[in-house]
Structures are given as structure tokens and as C-alpha cells.
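Enquirer: For chain A, the structure is supplied; the task is to place chain B on it using the hints.
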Amino acid sequence: NAGVTQTPKFQVLKTGQSMTLQCAQDMNHNSMYWYRQDPGMGLRLIYYSASEGTTDKGEVPNGYNVSRLNKREFSLRLESAAPSQTSVYFCASSEVGLVSFFNEQFFGPGTRLTVL
Amino acid sequence: GENVEQHPSTLSVQEGDSAVIKCTYSDSASNYFPWYKQELGKRPQLIIDIRSNVGEKKDQRIAVTLNKTAKHFSLHITETQPEDSAVYFCAASTKNYGQNFVFGPGTRLSVLP
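Chains as they are written, first to last, in my numbering: chain A, 1151 to 1266; chain B, 1498 to 1610.
Bear in mind the hints are in silico, worked out from the structure with no lab data behind them.
Some hints could be false.
[Unchecked claim] Okay, derived cross-link-like pairs now, PhoX-like style, lysine-lysine, Cα gap no bigger than 20 Å in a straight line: (1) Lys1555(B) / Lys1159(A); (2) Lys1519(B) / Lys1554(B); (3) Lys1207(A) / Lys1555(B); (4) Lys1539(B) / Lys1555(B); (5) Lys1534(B) / Lys1555(B); (6) Lys1592(B) / Lys1568(B).
Just chain B, with the same shape it has in the complex:
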């Protein structure tokens, strides 16, 4: 079945710097890769996603890149702000459990003022 690894587990950056979180997946059939942000005590919320027919997608300060050959995808946050501090989860689609996702273990991002 699908296995998703995520690195680093914790990341601290200075406000205004960039942050990069990387994920790898194992199932070559995976074709949808969402990223969720979870603030402390809150529910996970989708921030960006990418499908396998594109290599990069941007939304303001957030971008995601996908390398299907290497089976890895990354989240890039530019000009980080304190409100970017949260836990970020990557996920990859799987058909093992209907149409569902396997989530990575998460990255705790701290943006220091």
C-alpha cells in the first residue's frame, strides 16, 4: 500500500524567510497530492493541492512542486509570516481504501518574529 514520508518533522525559520517541506510517496499510481495546514487545536484545512498532470502550482506565497519520476513533492512558502506557524501535512491519493489519502506524519513550522 501507499506510504508517505515527510521531512523535516520540525522547522524553524525567521519571519520573511522561505520554508520548504518535502514528501515522498511509494505508490506510482497516486495522482493527487494535497497539503493541509493545522493550527494548534484546530481542524486540518486544505491550503493547496496538485494533480499528477502538472509539475508545479502556485497560490500567492505558497507553491507545490511534483516530481512523479522520483515520487516526491514539496511545499514552498515564501515571505513567511507568524500566522504561517502550524503543522503541515502532505498526503497522497490511494485506492487501498476507496478514494482516499494517506497522510504524512506532519511538519511543525515555527516562524520566529
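Here chain A stands alone, though its shape is the one from the complex:
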């Protein structure tokens, strides 16, 4: 099992350019997440998908869009990149149990994005 995979590993964009970050998991998990990681700020949730066909905003959704293509794949799109979006982006997945039952989130290797 590859677990959670992300592409690309690194990307440099100019302000105003667009791009899509790809994420896939082979663990048959229902839930998937996109986080950004900035120095001293931990991991902040951008968007999540509780199940195939649903997506919802997280803590910092502005400037991003997502697509849950199928159960395996969850993509993150930057329509018009800004320097403030320079960050490391992590995708994660988990199997969610009953309403109040939380489980481990498995993370991908990350994408380091620089916006000039």
C-alpha cells in the first residue's frame, strides 16, 4: 500500500498563476483533508471532505477550491496564487467511525509551494 500520495513535491509559481495539487489514498478511507503548514503555526485545515461527493470549508479556505473526484482522490486548486499562499501543503485521510469517534489521520509527504 502506498498510503497517501501527493503531487507535485515542489512547485514555484508567480503571483496570479493557478495550479492544482493532487492527492490520492489507497486505504479506502471516507474522509480526506487539506492542511497548510506555516512556521510556528502548526497545521491549519483548509478544506475537508467527509465522504465522496461532499466538501466543506475548514479554518482557512479563502483563495482555495477543492474537488473530491472519487473516493480515492481529493484535489486542491489555487485559482490565482498569492505570496501569502507560500506554504507546505499536506493532504490527509482517515476512516471516521461513529459520530463522536475520531481516528488517526494519515498524512501524505507534502507539497512545498513558493509563490513569487
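Expert: Below, chain B alone, put in the same frame as chain A:
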């Protein structure tokens, strides 16, 4: 919404000593508290977690304690080794964003040989 604070932000210990990292949370409804370890340039990985129905959990050299009344939980690493050097993140569950976590800002642990 949930807010998670974590202290200290950096911690240096001598190899073989113990390390303790403390976190506080604000939402009394939080009931799951994972700890993630992130080595330099790598992805975060779960090292231990605790649910609100227990006060302590151990896994070899790692232990986590939870005080629900005070809303704080701590990670304890005994007999530290150089490979324990990493950034450690605590997290608390929240229902603000589905079934998800709010992460603390992280603690950079350095184990000096």
C-alpha cells in the same frame, strides 16, 4: 471554537533525560487527543493518542496524560534518544469542521548526544 496551546515551543535535553510537552485546549466537548511527530522534511505521523475516558496511556518510552477538568494533556518521553529529535504536535478533536482536529503550534525537541 477549539483553541490549542502548546508549550514549550523549543526544548533541548541531554540524551537519556526525559522530555515533557504540555498542551491546553478550550472546548470541553473535545474527546480525542492525538500526538504527531514530524521529522525534518517528513510528514507528520501519529505516535500516541488518548481518548477522554482514560487518564493515561503508555507505549514503551512514550506516555500521555489527560486532565479533563483542567483541560490539559501532556506528552512524556523517557530515556530520550537522538532519533527523538523532531517537531511534536498535539491536537484536540473538534466538531467545528466535521470530525477533525485543531493542532497546537508545535514543539521542536532536540536531543543532544
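Enquirer: Compare the structure with each hint and give your call.
Expert: We went through each hint and held it up to the structure:
1. A distance of roughly 35 Å separates the Cα atoms of lysine 1555(B) and lysine 1159(A); the hinted pair therefore is violated under the 20 Å criterion.
2. For the hint pairing lysine 1519(B) with lysine 1554(B), the CA-to-CA distance comes to about 15 Å; that is within 20 Å, so the pair holds.
3. For the proposed pair lysine 1207(A) and lysine 1555(B), the alpha carbon gap of about 35 Å is over 20 Å, so the pair is violated.
4. For a cut-off of 20 Å, the pair hint linking lysine 1539(B) to lysine 1555(B) is broken: about 25 Å separates their Cα positions.
5. The suggested pairing of lysine 1534(B) with lysine 1555(B) holds, with an alpha-carbon distance near 16 Å, which does not exceed 20 Å.
6. Among the hinted pairs, lysine 1592(B) with lysine 1568(B) is consistent with the structure: their alpha-carbon atoms are about 17 Å apart, no more than 20 Å.
In summary, the structure is inconsistent with hints 1, 3 and 4 from the numbered list given earlier, while agreeing with the others.
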